[in-house]
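The chain contents come next:
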Amino acid sequence: MEQNSENKVQSKASEERQVQQVLARYTRAADQLNGKVASDLFVPDGKVEVYYGRGESRELLFVLSGQAEIENAMSNLMKPHPDRGWSHHTTHDYIIEVNGDHATIDAQFIRFDSVGEIRPENGWPEGTLGLMGKVTPTESGYYQPTLQKINGEWKIVTLVILHDLTFAIPGK
Amino acid sequence: MEQNSENKVQSKASEERQVQQVLARYTRAADQLNGKVASDLFVPDGKVEVYYGRGESRELLFVLSGQAEIENAMSNLMKPHPDRGWSHHTTHDYIIEVNGDHATIDAQFIRFDSVGEIRPENGWPEGTLGLMGKVTPTESGYYQPTLQKINGEWKIVTLVILHDLTFAIPGK
Amino acid sequence: MEQNSENKVQSKASEERQVQQVLARYTRAADQLNGKVASDLFVPDGKVEVYYGRGESRELLFVLSGQAEIENAMSNLMKPHPDRGWSHHTTHDYIIEVNGDHATIDAQFIRFDSVGEIRPENGWPEGTLGLMGKVTPTESGYYQPTLQKINGEWKIVTLVILHDLTFAIPGK
Chain Z
1 MEQNSENKVQ SKASEERQVQ QVLARYTRAA DQLNGKVASD LFVPDGKVEV YYGRGESREL
61 LFVLSGQAEI ENAMSNLMKP HPDRGWSHHT THDYIIEVNG DHATIDAQFI RFDSVGEIRP
121 ENGWPEGTLG LMGKVTPTES GYYQPTLQKI NGEWKIVTLV ILHDLTFAIP GK
Chain X
1 MEQNSENKVQ SKASEERQVQ QVLARYTRAA DQLNGKVASD LFVPDGKVEV YYGRGESREL
61 LFVLSGQAEI ENAMSNLMKP HPDRGWSHHT THDYIIEVNG DHATIDAQFI RFDSVGEIRP
121 ENGWPEGTLG LMGKVTPTES GYYQPTLQKI NGEWKIVTLV ILHDLTFAIP GK
Chain H
1 MEQNSENKVQ SKASEERQVQ QVLARYTRAA DQLNGKVASD LFVPDGKVEV YYGRGESREL
61 LFVLSGQAEI ENAMSNLMKP HPDRGWSHHT THDYIIEVNG DHATIDAQFI RFDSVGEIRP
121 ENGWPEGTLG LMGKVTPTES GYYQPTLQKI NGEWKIVTLV ILHDLTFAIP GK
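Protein sequence lines correspond, in order, to chains Z, X and H.
Taken in order, the first sequence gives residues 1 to 172; the numbers are from my numbering.
Taken in order, the second sequence gives residues 1 to 172; the numbers are from my numbering.
Taken in order, the third sequence gives residues 1 to 172; the numbers are from my numbering.
Treat each hint with caution, since some may be false.
For chains that are exact copies, the list does not tell them apart, and a pair is met inside one copy or across any two.
Straight line, CA to CA, 30 Å or less: simulated BS3-like cross-link-like pairs of lysine-lysine [claimed, not checked]: (1) LYS47 / LYS134; (2) LYS12 / LYS134; (3) LYS134 / LYS172.
Since the hints were derived computationally from the structure, they do not count as laboratory data.
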């Protein structure tokens with residue numbers, strides 16, 4: 001078993017990894033529909049700006065301002081998971097820039113929704129074995145948060161979300 | 001071409017990246033159904049614990065104990081790929097904690113299965129061009145390994161796998 | 001707000017992250033069908049080698065040689081996105097090796113294509129709300145670039161792309 005002082009220095013996560021892990025925690029909160037955990041990742045007057053678009057063109061859909069609005073939107077306004085259902089907001093291909101106590105991330109995201117099959121009343125028939133259900137990609141786009149390091153902790157100041165898919169608002 | 005001593009120091013992968021790359025190698029072994037390569041990533045008495053569930057609730061499905069059981073399960077008990085088929089176990093949104101020679105990872109995973117179309121007997125008709133076949137997400141969940149650094153190499157002690165989808169066992 | 005000298009040292013991205021971010025920029029260029037941006041990530045005589053296969057066996061499909069060919073292929077030969085369509089080339093499970101000013105990456109990739117639904121002429125009906133459209137995985141395989149650091153910047157020397165799916169060439 002190796003353990004030396006060099007080792008201990010290295011095991012401190014880099015700023016880039018600390019920044020990336022804030023977004024990793026955000027995706028888990030989104031999958032748990034846990035607005036409290038999500039909003040705690042933001043500064044008190046943090047914002048979520050949701051756009052339709054990619055590349056140069058984008059159209060603002062709505063803004064959540066402050067931790068209370070962010071918490072409420074995620075806990076109460078997102079569609080709950082169906083029975084035996086779950087989601088995975090996954091992020092990819094990070095471009096991270098850290099300048100002192102400011103940082104930006106540009107990440108692709110894909111959301112997947114999973115639904116497990118229901119166990120038959122009399123148990124699984126012969127010939128079935130293993131995982132039963134469906135995993136479907138349902139959303140895609142980009143997360144572009146800006147972050148600030150406050151008292152040693154990275155917090156999201158503004159999370160820009162760009163959606164590829166059309167966003168429907170009834171009557172509009 | 002730049003090359004200096006600072007450069008050489010930086011090119012040593014961080015502990016976090018070394019830890020992440022153990023899981024990267026595990027996913028490739030799983031896609032190759034290569035139990036030998038996979039089990040070598042574990043300590044001799046390493047374990048794989050497979051659960052149904054996410055968040056707080058989880059139900060233990062089965063445990064593989066020791067390198068021999070892990071090797072056998074991956075090489076002989078996983079369903080072989082169909083003709084022109086392959087899989088990709090992909091992992092996302094790492095949360096890594098390293099403390100000296102101990103480490104934990106929490107990662108999301110999605111499994112994809114791909115199957116290429118068969119080339120027609122007389123070649124591809126006019127109008128076809130490019131990639132032919134299908135890629136389907138088939139599994140999702142979390143990998144939560146704990147690792148230990150032994151003689152300078154990170155090894156998996158226990159790999160907890162949480163599956164979202166229902167796991168069918170005939171007659172149960 | 002914390003900012004000190006230790007902080008500034010840490011905020012320099014590691015060689016591994018710099019290398020990873022070259023591939024992250026490549027995936028964005030591919031999604032924008034922007035051959036200029038993509039070819040600038042390569043050395044002047046850089047190459048893209050495209051294969052069918054995985055694991056040990058692979059069959060060479062075609063090679064793009066030099067920045068001009070790479071730029072032209074991405075800008076003019078890739079299928080344009082449909083109306084309200086976009087793609088995401090996503091990469092996963094990096095194994096990165098850096099030796100001085102040389103580096104290699106082995107990454108899994110999945111391509112997704114998204115198409116948003118068209119807004120009805122008279123607006124969205126009651127009962128619709130949120131994202132409308134479809135996200136589909138369409139390609140999978142491996143990216144295996146080799147890179148070289150030149151004047152302080154990592155550039156791709158050769159990008160090996162392994163496709164899982166069958167590649168159709170009419171008449172062949």
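Verification of the supplied hints:
For the identical chains of this complex, LYS47 and LYS134 are inter-copy neighbours only, at 27 Å across copies versus 34 Å inside a copy, given an alpha-carbon limit of 30 Å. Proximity of LYS12 to LYS134 under the C-alpha cut-off of 30 Å is found in neither arrangement, the shortest distances being 39 Å within a copy and 41 Å between copies. Within a single copy, LYS134 and LYS172 get their C-alpha atoms only as close as 32 Å, which misses the 30 Å cut-off; across copies the closest is 21 Å, which meets it.
Of the numbered hints given earlier, the model fails hint 2 alone.
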